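Visitor: Sequence:
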Amino acid sequence: MNINTNIIQEKVEYRKSLSQIRSRIEKELKPALDQRIHETVLALPCVQKAESIFCFISFGSEVDTHALLQRLLADKKQLAVPRILHGQGIHAISFHRWDNLQPGELGILTPVSETQADFPIDVCITPGLGFTTRGERLGFGRGYYDRWFSANPSCYRLALAYECQVLPYLPADETDIRVNCIVTEQRLIEID
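Start counting the sequence shown at 1; every next residue gets the next number (my numbering).
If you are wondering where the hints come from, they were derived from the structure by calculation, not from laboratory data. Some hints could be false.
For each label pair, taking beta carbons as the anchor points, the in silico distance ranges come out as [claimed, not checked]:
#, residue 1, residue 2, range
1, Q9, R178, 15 to 23 Å
2, R97, E51, 15 to 23 Å
3, S19, R97, 27 to 35 Å
4, I84, P120, 18 to 26 Å
5, S61, V12, 12 to 20 Å
6, H96, E10, 36 to 44 Å
7, D118, E174, 30 to 38 Å
8, S61, I8, 22 to 30 Å
9, A151, L106, 37 to 45 Å
10, R134, N4, 27 to 35 Å
11, E26, Q116, 32 to 40 Å
Straight-line alpha carbon distances no greater than 20 Å define the calculated SDA-like cross-link-like pairs of lysine to any residue that follow [claimed, not checked]:
#, residue 1, residue 2
12, K11, D192
13, K77, A117
14, K30, Y162
15, K16, E28
Model, not experiment: these values are computed from the prediction. C-beta atoms are modelled at their ideal positions from N, C-alpha and C, and glycine is treated no differently.
Required output: the full structure, derived from the provided sequences and hints.
Guide: Below, the structure is given as C-alpha coordinates:
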(Lines of atoms letter the chains of each structure in order from A and count residues from 1; the text may use other names and numbers.)
(Lines give C-alpha, C1' and ligand atoms only; values in the text may rest on other atoms or scores of the structure.)
Protein backbone atom coordinates (compact mmCIF):
# COMPACT_ATOMS: atom_id res chain seq x y z
CA MET A 1 0.00 0.00 0.00
CA ASN A 2 1.55 3.32 -1.00
CA ILE A 3 1.40 6.60 0.91
CA ASN A 4 -1.35 8.05 -1.31
CA THR A 5 -3.55 4.98 -0.75
CA ASN A 6 -2.94 5.28 3.00
CA ILE A 7 -3.97 8.96 2.98
CA ILE A 8 -7.12 8.20 0.98
CA GLN A 9 -8.14 5.46 3.42
CA GLU A 10 -7.29 7.64 6.41
CA LYS A 11 -9.46 10.44 5.00
CA VAL A 12 -12.39 8.04 4.60
CA GLU A 13 -12.07 7.03 8.26
CA TYR A 14 -11.78 10.63 9.48
CA ARG A 15 -14.80 11.69 7.40
CA LYS A 16 -16.93 8.96 8.93
CA SER A 17 -15.80 9.76 12.47
CA LEU A 18 -16.14 13.55 12.15
CA SER A 19 -19.57 13.25 10.55
CA GLN A 20 -20.73 11.15 13.51
CA ILE A 21 -19.21 13.55 16.05
CA ARG A 22 -20.85 16.58 14.45
CA SER A 23 -24.23 14.86 14.19
CA ARG A 24 -24.16 14.22 17.96
CA ILE A 25 -24.36 17.93 18.78
CA GLU A 26 -27.63 18.37 20.64
CA LYS A 27 -30.26 20.02 18.46
CA GLU A 28 -31.30 22.23 21.39
CA LEU A 29 -27.75 23.62 21.74
CA LYS A 30 -27.08 24.13 18.04
CA PRO A 31 -28.88 27.50 17.58
CA ALA A 32 -26.87 29.12 20.39
CA LEU A 33 -23.59 27.71 19.03
CA ASP A 34 -24.47 28.90 15.52
CA GLN A 35 -25.34 32.38 16.85
CA ARG A 36 -21.91 32.68 18.52
CA ILE A 37 -20.22 31.68 15.28
CA HIS A 38 -22.31 34.18 13.28
CA GLU A 39 -21.47 37.03 15.69
CA THR A 40 -17.75 36.33 15.35
CA VAL A 41 -17.95 36.09 11.56
CA LEU A 42 -19.90 39.35 11.22
CA ALA A 43 -17.35 41.15 13.43
CA LEU A 44 -14.36 40.05 11.34
CA PRO A 45 -12.73 42.96 9.47
CA CYS A 46 -12.39 40.81 6.32
CA VAL A 47 -16.17 40.26 6.30
CA GLN A 48 -17.03 43.85 7.18
CA LYS A 49 -14.77 45.19 4.41
CA ALA A 50 -15.78 42.57 1.84
CA GLU A 51 -17.97 43.72 -1.00
CA SER A 52 -18.67 40.15 -2.12
CA ILE A 53 -18.97 36.85 -0.27
CA PHE A 54 -19.34 33.29 -1.56
CA CYS A 55 -21.06 31.24 1.16
CA PHE A 56 -22.19 27.64 1.32
CA ILE A 57 -25.83 26.89 2.14
CA SER A 58 -25.83 24.71 5.22
CA PHE A 59 -27.37 21.26 5.28
CA GLY A 60 -27.94 18.70 8.00
CA SER A 61 -25.64 19.09 11.01
CA GLU A 62 -23.40 21.76 9.44
CA VAL A 63 -23.05 25.16 11.11
CA ASP A 64 -26.22 26.95 10.01
CA THR A 65 -25.65 29.58 7.33
CA HIS A 66 -29.28 30.49 6.60
CA ALA A 67 -29.43 33.22 9.26
CA LEU A 68 -25.91 34.35 8.34
CA LEU A 69 -26.88 34.70 4.67
CA GLN A 70 -29.97 36.70 5.69
CA ARG A 71 -27.79 39.07 7.67
CA LEU A 72 -25.28 39.43 4.83
CA LEU A 73 -28.16 40.20 2.44
CA ALA A 74 -29.43 42.84 4.88
CA ASP A 75 -25.89 44.28 5.00
CA LYS A 76 -26.06 44.71 1.20
CA LYS A 77 -23.19 42.34 0.44
CA GLN A 78 -22.96 40.90 -3.06
CA LEU A 79 -23.56 37.22 -2.39
CA ALA A 80 -22.92 34.04 -4.28
CA VAL A 81 -23.80 30.48 -3.30
CA PRO A 82 -22.47 27.21 -4.71
CA ARG A 83 -23.94 25.17 -7.50
CA ILE A 84 -22.30 21.94 -8.53
CA LEU A 85 -22.32 21.42 -12.28
CA HIS A 86 -21.29 17.84 -12.92
CA GLY A 87 -18.10 17.58 -14.86
CA GLN A 88 -17.40 21.28 -14.26
CA GLY A 89 -17.03 21.48 -10.48
CA ILE A 90 -18.48 24.13 -8.23
CA HIS A 91 -19.66 27.52 -9.49
CA ALA A 92 -20.40 30.71 -7.57
CA ILE A 93 -23.96 31.69 -8.51
CA SER A 94 -25.34 35.14 -7.66
CA PHE A 95 -27.75 34.97 -4.72
CA HIS A 96 -30.45 37.55 -4.02
CA ARG A 97 -33.53 35.65 -2.85
CA TRP A 98 -34.36 32.39 -1.11
CA ASP A 99 -37.16 31.59 -3.57
CA ASN A 100 -34.52 31.13 -6.28
CA LEU A 101 -33.32 27.95 -4.56
CA GLN A 102 -34.54 24.38 -4.77
CA PRO A 103 -33.34 21.10 -3.28
CA GLY A 104 -30.57 19.70 -5.42
CA GLU A 105 -28.15 16.84 -4.98
CA LEU A 106 -28.56 15.20 -1.56
CA GLY A 107 -31.41 17.64 -0.77
CA ILE A 108 -29.08 20.63 -0.38
CA LEU A 109 -30.64 23.94 -1.42
CA THR A 110 -29.15 24.95 -4.76
CA PRO A 111 -29.70 27.95 -7.05
CA VAL A 112 -32.10 27.34 -9.92
CA SER A 113 -30.12 29.82 -12.01
CA GLU A 114 -26.84 28.89 -13.64
CA THR A 115 -25.81 32.55 -13.91
CA GLN A 116 -22.36 32.77 -12.43
CA ALA A 117 -21.44 35.70 -10.23
CA ASP A 118 -20.00 38.44 -12.44
CA PHE A 119 -18.04 40.01 -9.62
CA PRO A 120 -14.77 39.06 -7.94
CA ILE A 121 -15.22 37.16 -4.67
CA ASP A 122 -13.50 38.70 -1.64
CA VAL A 123 -14.34 36.04 0.97
CA CYS A 124 -15.39 32.39 0.67
CA ILE A 125 -17.21 30.96 3.68
CA THR A 126 -16.53 27.26 3.36
CA PRO A 127 -17.90 24.08 4.92
CA GLY A 128 -15.87 21.07 5.98
CA LEU A 129 -15.98 18.02 8.18
CA GLY A 130 -12.76 18.77 10.01
CA PHE A 131 -9.98 21.32 10.37
CA THR A 132 -6.62 21.77 12.07
CA THR A 133 -5.20 24.92 13.65
CA ARG A 134 -2.75 24.97 10.70
CA GLY A 135 -5.71 25.51 8.36
CA GLU A 136 -5.91 22.03 6.91
CA ARG A 137 -9.45 21.22 5.82
CA LEU A 138 -11.09 17.84 5.34
CA GLY A 139 -14.04 18.18 3.01
CA PHE A 140 -16.49 15.63 1.72
CA GLY A 141 -14.08 13.96 -0.67
CA ARG A 142 -14.99 15.33 -4.06
CA GLY A 143 -12.43 18.14 -4.16
CA TYR A 144 -14.93 20.80 -5.29
CA TYR A 145 -13.80 23.50 -2.87
CA ASP A 146 -10.08 22.68 -3.26
CA ARG A 147 -10.36 23.14 -7.02
CA TRP A 148 -12.39 26.35 -6.55
CA PHE A 149 -9.76 27.68 -4.10
CA SER A 150 -6.99 26.86 -6.60
CA ALA A 151 -8.84 28.78 -9.32
CA ASN A 152 -9.46 31.74 -6.95
CA PRO A 153 -6.21 32.07 -4.96
CA SER A 154 -6.76 35.68 -3.85
CA CYS A 155 -10.07 34.89 -2.15
CA TYR A 156 -9.92 34.83 1.67
CA ARG A 157 -10.93 31.33 2.85
CA LEU A 158 -13.03 31.40 6.03
CA ALA A 159 -14.23 28.13 7.56
CA LEU A 160 -17.15 27.63 9.93
CA ALA A 161 -16.94 24.73 12.38
CA TYR A 162 -17.89 23.54 15.80
CA GLU A 163 -15.01 23.16 18.24
CA CYS A 164 -15.38 19.35 18.10
CA GLN A 165 -14.38 19.52 14.41
CA VAL A 166 -10.97 21.07 15.11
CA LEU A 167 -8.31 18.40 15.55
CA PRO A 168 -4.53 18.42 16.03
CA TYR A 169 -4.07 16.26 12.92
CA LEU A 170 -5.89 15.48 9.68
CA PRO A 171 -4.59 13.54 6.69
CA ALA A 172 -3.75 15.88 3.82
CA ASP A 173 -2.01 15.79 0.47
CA GLU A 174 -0.74 18.30 -2.08
CA THR A 175 -4.23 18.88 -3.56
CA ASP A 176 -5.71 20.02 -0.24
CA ILE A 177 -5.89 23.82 0.06
CA ARG A 178 -5.67 25.34 3.54
CA VAL A 179 -8.12 27.90 4.90
CA ASN A 180 -7.01 31.30 6.20
CA CYS A 181 -9.27 31.36 9.24
CA ILE A 182 -11.59 29.08 11.24
CA VAL A 183 -14.46 30.34 13.39
CA THR A 184 -15.90 28.07 16.06
CA GLU A 185 -18.30 28.79 18.89
CA GLN A 186 -15.30 29.05 21.24
CA ARG A 187 -12.56 30.77 19.28
CA LEU A 188 -11.20 32.44 16.19
CA ILE A 189 -8.27 30.59 14.65
CA GLU A 190 -6.25 32.77 12.28
CA ILE A 191 -3.67 30.95 10.23
CA ASP A 192 -0.42 32.70 9.23
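Visitor: Going straight from one Cα to the other, do K77 and A117 come out at no more than 20 Å?
Guide: holds, 13 Å
Visitor: Starting from the range 37 to 45 Å, see whether the pair A151 and L106 falls in it by beta-carbon distance.
Guide: At 23 Å between Cβs, range violated.
Visitor: Does K30 pair with Y162 here, judged by a C-alpha cut-off of 20 Å?
Guide: holds, 9 Å
Visitor: Is K11 within 20 Å of D192, Cα to Cα?
Guide: violated, 24 Å
Visitor: Per the hint of 22 to 30 Å, is the separation of the Cβ atoms of S61 and I8 within bounds?
Guide: holds, 24 Å
Visitor: Falls inside 30 to 38 Å, the C-beta gap from D118 to E174?
Guide: holds, 32 Å
Visitor: Quick check on a hinted range of 32 to 40 Å for E26 and Q116, using CB atoms only.
Guide: holds, 38 Å
Visitor: For the range 27 to 35 Å, tell me whether the beta carbons of R134 and N4 fit it or not.
Guide: violated, 20 Å
Visitor: Is 27 to 35 Å respected by the C-beta to C-beta distance linking S19 and R97?
Guide: holds, 31 Å
Visitor: Check the following: the C-beta atoms of H96 and E10 are separated by a distance inside 36 to 44 Å.
Guide: holds, 41 Å
Visitor: Holds or violated: K16 with E28, Cα cutoff 20 Å?
Guide: violated, 23 Å
Visitor: Kindly confirm whether 15 to 23 Å is satisfied by the beta carbon distance between R97 and E51.
Guide: Check passed, 19 Å falls within 15 to 23 Å.
The structure shown violates the earlier hints numbered 9, 10, 12 and 15.
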